[in-house]
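A.B. asks: Assemble the complex: chain A is given as a structure, and chain B must be docked to it using the hints.
There are 2 protein chains.
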Amino acid sequence: MSRTVSSLALIDRVKAGEAAAIARLISRAESGAAEAHEALARIYGLAGRAHVIGVTGVPGSGKSTLVGKLCAALRAKGERVGIVAIDPSSPYSGGAILGDRIRMTEMASDPGVYIRSMATRGAVGGMARATLDVVDILDVAGFDTVVLETVGVGQDEVEIVRASHTTIVVSAPGLGDEIQAIKAGILEIADIHVVSKCDRSDANRTLVDLKQMLMGGLRAAPPGAWHAPVIGTSAFSGQGVDELVAAIERHRHFALESKSGEQRRLAIAEFRLRKTAENLLLDRFGEKIAQAGAPLAARLMRREADPYSVATELLNTALLRETGHEQDARSKIA
Amino acid sequence: MSRTVSSLALIDRVKAGEAAAIARLISRAESGAAEAHEALARIYGLAGRAHVIGVTGVPGSGKSTLVGKLCAALRAKGERVGIVAIDPSSPYSGGAILGDRIRMTEMASDPGVYIRSMATRGAVGGMARATLDVVDILDVAGFDTVVLETVGVGQDEVEIVRASHTTIVVSAPGLGDEIQAIKAGILEIADIHVVSKCDRSDANRTLVDLKQMLMGGLRAAPPGAWHAPVIGTSAFSGQGVDELVAAIERHRHFALESKSGEQRRLAIAEFRLRKTAENLLLDRFGEKIAQAGAPLAARLMRREADPYSVATELLNTALLRETGHEQDARSKIA
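From first to last, the protein sequence lines are chains A and B. Be aware that the first sequence starts at 1238, since it is given in this note's numbering, and climbs by one per residue. Be aware that the second sequence starts at 1238, since it is given in this note's numbering, and climbs by one per residue.
In isolation and in its complexed conformation, chain A is listed as follows:
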């Protein structure tokens, strides 16, 4: 493929499930290039068939292993599975450092599985927008289930995983205090709780603790609300994976048929719109402001100027330039 293939020209090949075209369109979605916007807008219109499963959990909870097991179970049912893994990445080099996960080599030869590792650094300010575009590309490419995996730390990371149809939060026994505290912060986004590593002797304690923590929420829940089940799994024995697949299927029906499921999908659409608008806004002005501001950095460093005054002035100038043309056109019409 030459570099000059337009993003629009890739759509038919993505629809046919051609791996090289999928990879290329994903790269363009990640880069946020304006050239790709029209193609991504079309992709959005074509997508909507796949079930999107968000998987998150504290570092060390065994998310990736669980995703591997879940993927194998869905494959056994004949589903095609796409996996988008958002990896914490190097702030300088921008590389996705978990790119060589074990499960990637395990499943790399299966054409029914597509795995993409995305670096958080790859799409500054637009990670949510880019990730959800990638989910849609895999949807259009014919993957029945798309799994979106992120580590449950970082505000952007947690926000993104909530923009799925079914959110799974993975806990594990035997993690330290800080990890437990982080866990407490993400528990409430779960549609399904998984306690991994249930072959460990201390896993039962984690299961019991988690169920007790959730009791209060259960009592307060309105009638017809979804009750997030707690499922113990073990990658060694395979325990719990079938139960998890069944719970996902139950939640999928709930999400499609309930009022709260529809509200969730509406909220995702609003989130998507907001993130796309923010991304376009920063694209259009961010670079201009940064360029205009660079000569002033020395004055800021010496505290002779302040970022609020400088930013306000730069912003006003950029807005005037941007809309001057449209304004003139409007004046002529009036």
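It is worth saying that the hints were derived from the structure and are not from the lab. Certain hints may be false.
Repeated chains share a single entry, so a pair holds when one copy, or any two copies, can fit it.
Quick list of in silico lysine to aspartate or glutamate cross-link-like pairs, EDC-like style, CA-CA up to 20 angstroms [stated by the list, open to error]: (1) K1314 <-> E1267; (2) K1496 <-> E1550; (3) K1448 <-> E1559; (4) K1496 <-> E1507; (5) K1525 <-> E1559; (6) K1448 <-> D1436; (7) K1252 <-> E1275; (8) K1314 <-> E1486; (9) K1314 <-> D1381; (10) K1496 <-> E1316; (11) K1252 <-> E1541; (12) K1525 <-> E1507; (13) K1525 <-> E1425; (14) K1252 <-> E1316; (15) K1252 <-> D1436; (16) K1496 <-> E1275.
C.D. replies: Here is chain B on its own, set in the frame of chain A:
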């Protein structure tokens, strides 16, 4: 204090180190209210005296314990210490979940220490801007050292901690593979490496591994570059804390006197300006776009419209409205 005290009126009380005024101005910086912008602009101009130390590390690395020990050592030297801890927080309730840290109760009675826990959720899209404003408030309030602590996961979180004068990355022995991979992604931002928990028998292995990893970078470094030291610490024995304080002092001089130190301060000023501009931009248009977009969410949900087209249209409309007034004024002058 009544709710009607203006942010500007708080400045003198912040300068006098009055805790209630500090807390109040910090809350306003967090909320991002326009009313506070002028006061925060003034605070920026008054700040610049404190040494800002960023501390980050993977979950479970013992950052908070280290910050406690470091704080005690700086107090023993007679310094006043401010601590800003960015805590992973609940995406729904917005509460900072590590707020009741042990060290807070230990140091709460010392007027020479001020600790503020910030929820990542508190300042969506503006966490970096808000955090650095809070650092400046503590600087103006007379704290000699301000420690900025974040968990080393999440792109915003890592970006913020880089905006300090001296960045410390904390590693610990005996963490799992996923944690190690996350660690690899943040090592390169360190001015000083700390390996915590050096009372453990496996700590020496972690020290040796880390030093070996850093060897390549040392050889490639240009002459006059800073060589990040690796310091082993133990909260039990107190090992390494004095060495750490000495290394911070050395790096402080390097940062103030070297060309690369000045480049770093310039980069921080540019970062600060960019984040403030982004924040103002999203403040001015984000809400308008979200409101205008809400009625279209159902069409987006049904994939009858796409977020790119809708966002572009909403953005253009918002820009025209925003700048219409200024444009008219400009036309009259011309």
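A.B. asks: If a hint holds in the structure, say so; if it doesn't, say that too.
C.D. replies: Status of the hints after comparison with the structure:
1. Proximity of K1314 to E1267 under the C-alpha cut-off of 20 angstroms is found in neither arrangement, the shortest distances being 31 angstroms within a copy and 49 angstroms between copies.
2. Taking the closest pair of Cα atoms, K1496 and E1550 never come within 20 angstroms of each other, the shortest separation being 46 angstroms inside a single copy and 30 angstroms across copies.
3. For the homomeric pair K1448 and E1559, neither the shortest alpha-carbon distance inside one copy (55 angstroms) nor that between copies (51 angstroms) is at most 20 angstroms.
4. For a Cα distance limit of 20 angstroms, the shortest separation of K1496 from E1507 inside one copy, 17 angstroms, qualifies, whereas the shortest one across copies, 47 angstroms, does not.
5. Taking CA atoms no more than 20 angstroms apart as the test, K1525 paired with E1559 passes in both settings, with 10 angstroms inside one copy and 18 angstroms between copies.
6. Proximity of K1448 to D1436 under the C-alpha cut-off of 20 angstroms is restricted to the intra-copy arrangement: shortest distance 18 angstroms within a copy versus 36 angstroms between copies.
7. With identical chains, the CA atoms of K1252 and E1275 are at most 20 angstroms apart within one copy only, with a shortest distance of 16 angstroms there and 53 angstroms across copies.
8. With identical chains, the CA atoms of K1314 and E1486 are at most 20 angstroms apart within one copy only, with a shortest distance of 12 angstroms there and 61 angstroms across copies.
9. With identical chains, the CA atoms of K1314 and D1381 are at most 20 angstroms apart within one copy only, with a shortest distance of 11 angstroms there and 62 angstroms across copies.
10. Taking the shortest Cα distances, K1496 and E1316 never come within 20 angstroms of each other, neither inside one copy (27 angstroms) nor across copies (58 angstroms).
11. In this assembly of identical chains, K1252 and E1541 lie within 20 angstroms of each other by CA distance solely across copies; the values are 19 angstroms between and 56 angstroms within a copy.
12. Taking the shortest Cα distances, K1525 and E1507 sit within 20 angstroms of each other only across copies (13 angstroms), while inside one copy they are farther apart (27 angstroms).
13. Neither within a single protomer nor between protomers do K1525 and E1425 lie at most 20 angstroms apart by alpha-carbon distance, with minima of 40 angstroms and 29 angstroms respectively.
14. Taking the closest pair of Cα atoms, K1252 and E1316 come within 20 angstroms of each other only inside a single copy of the chain (17 angstroms); across copies the shortest separation is 64 angstroms, beyond that limit.
15. For the identical chains of this complex, K1252 and D1436 are neighbours neither inside a copy (42 angstroms) nor across copies (57 angstroms), given an alpha-carbon limit of 20 angstroms.
16. Within a single copy, K1496 and E1275 get their C-alpha atoms no closer than 32 angstroms, and across copies no closer than 45 angstroms, so neither meets the 20 angstroms cut-off.
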